[in-house]
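Start from the sequences and build out the full structure, keeping to the hints where you can.
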Amino acid sequence: MGRFGGAMPINYYIFLSLALFCIGIVGVLTRRNAIIIFMCIELMLNAVNLLLVAFSKMHHLAKAVTDVTTGTEGQLFVFFIMVVAAAEVSVGLAIIVMMYRNIHSVDVNFLNRLKH
Amino acid sequence: MNITHVLFWFLSVLALFSALMVITSRNPVHSVLWLIVTFFAISGHYILLNAQFLAIVNIIVYAGAIMVLFLFVIMLMNLNKSTEPKKNRWLQWAGAIAGLCLLLVLVAALKDTEIKGQAAQVNEGEIGLIKNLGKELFSTYVVPFEISSILFLSAMVGAVVIGKASPNPSEGRA
Numbered sequence: 001m002g003r004f005g006g007a008m009p010i011n012y013y014i015f016l017s018l019a020l021f022c023i024g025i026v027g028v029l030t031r032r033n034a035i036i037i038f039m040c041i042e043l044m045l046n047a048v049n050l051l052l053v054a055f056s057k058m059h060h061l062a063k064a065v066t067d068v069t070t071g072t073e074g075q076l077f078v079f080f081i082m083v084v085a086a087a088e089v090s091v092g093l094a095i096i097v098m099m100y101r102n103i104h105s106v107d108v109n110f111l112n113r114l115k116h
Numbered sequence: 117m118n119i120t121h122v123l124f125w126f127l128s129v130l131a132l133f134s135a136l137m138v139i140t141s142r143n144p145v146h147s148v149l150w151l152i153v154t155f156f157a158i159s160g161h162y163i164l165l166n167a168q169f170l171a172i173v174n175i176i177v178y179a180g181a182i183m184v185l186f187l188f189v190i191m192l193m194n195l196n197k198s199t200e201p202k203k204n205r206w207l208q209w210a211g212a213i214a215g216l217c218l219l220l221v222l223v224a225a226l227k228d229t230e231i232k233g234q235a236a237q238v239n240e241g242e243i244g245l246i247k248n249l250g251k252e253l254f255s256t257y258v259v260p261f262e263i264s265s266i267l268f269l270s271a272m273v274g275a276v277v278i279g280k281a282s283p284n285p286s287e288g289r290a
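Order-wise, the sequence lines are chains U and Y. The first sequence begins at 1 in my numbering and counts up by one. The second sequence begins at 117 in my numbering and counts up by one.
Just so you know, the hints here were simulated from the structure itself, not pulled from any lab data. Hints may be right or wrong, so weigh each one.
What the hints assert, rightly or not - Partner residues aside, some chain Y positions facing chain U, computed with beta carbon under 7 Å:
| no. | residue |
| --- | --- |
| 1 | Val129 |
| 2 | Leu132 |
| 3 | Gly160 |
| 4 | Ala167 |
| 5 | Leu218 |
| 6 | Leu226 |
| 7 | Val238 |
| 8 | Gly244 |
| 9 | Gly279 |
Stated by the list, open to error - For each label pair, taking beta carbons as the anchor points, the in silico distance ranges come out as:
| no. | chain 1 | residue 1 | chain 2 | residue 2 | range |
| --- | --- | --- | --- | --- | --- |
| 10 | U | Asn112 | Y | Met117 | 48 to 56 Å |
| 11 | Y | Leu218 | U | Lys63 | 29 to 37 Å |
| 12 | U | Gly6 | Y | Leu269 | 39 to 47 Å |
| 13 | U | Phe80 | Y | Thr229 | 41 to 49 Å |
| 14 | U | Asn102 | Y | Gly233 | 51 to 59 Å |
| 15 | U | Lys63 | Y | Val145 | 44 to 52 Å |
What the hints assert, rightly or not - Residues of chain U clear of chain Y, computed beta-carbon distances all greater than 10 Å:
| no. | residue |
| --- | --- |
| 16 | Val65 |
| 17 | Thr66 |
| 18 | Thr69 |
| 19 | Leu111 |
Every residue, glycine too, gets a C-beta built ideally from N, C-alpha and C.
What follows is the structure, encoded as structure tokens:
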């Protein structure tokens, strides 16, 4: 264990990710701009990614003696989440652009005319 | 308190502060810039956890590609001024209180979990390096990897189809 090596309690990472996730939720609930709501969804995805990486390193620390590659799955899962998020952003922004073209606003409250 | 702890707290405070600025700033361009700061802070956390591949991918994909897409769309729509109408005050308070209640419930539920005593390895461990991840990705997870390329293709086709100008000429382009 080098000078910078060591371990960080997993609790800190859990609470940091929870705080980021809840900030994202508050953003989705309080803002009306569709683009900002979309950005808050990205924030929530990143909070989950951070927690996955922290859990992967926790698992690695617990099992590193028997299997040196323990915890790789968690990081690959984060990679696939990033892939899906990139695809989601391209389609979602196309939908927002189409919405702006039709109603000349990105205010989500205008979308309640979908019900008529 | 060594340098790892200092870095951890610095990056955590930076991430939380910039995430709060994302949801509180009126100007959407400022929100995008603060979100980029948040992504850099999270990438710093990945580096601290020695997940170097994910840190670089996070910067390239999120801060590089996705945020540029957001900025493009905001500037295309000419939204770079604070034109957003205020939501009803009570609805805003209700949203904030609901989010805080969720945070409270989750913290209360998770503060005494059985993994409480465990720790995440920082600054060491080989699993986050490209060598290990690439080996695993192209052997065990090669089928999901290929399927994700199909996902990208369909997303690209979907974005083009949705974003195409409407066939009705009276509506015109935005």
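Hint by hint, here is what the structure shows:
no.	hint	result
1	Val129	violated, 10 Å
2	Leu132	holds, 6 Å
3	Gly160	violated, 11 Å
4	Ala167	holds, 5 Å
5	Leu218	holds, 6 Å
6	Leu226	holds, 6 Å
7	Val238	holds, 5 Å
8	Gly244	holds, 6 Å
9	Gly279	holds, 4 Å
10	U:Asn112 to Y:Met117: 48 to 56 Å	holds, 52 Å
11	Y:Leu218 to U:Lys63: 29 to 37 Å	holds, 32 Å
12	U:Gly6 to Y:Leu269: 39 to 47 Å	holds, 44 Å
13	U:Phe80 to Y:Thr229: 41 to 49 Å	violated, 26 Å
14	U:Asn102 to Y:Gly233: 51 to 59 Å	holds, 55 Å
15	U:Lys63 to Y:Val145: 44 to 52 Å	holds, 45 Å
16	Val65	holds, 12 Å
17	Thr66	holds, 14 Å
18	Thr69	violated, 6 Å
19	Leu111	holds, 14 Å
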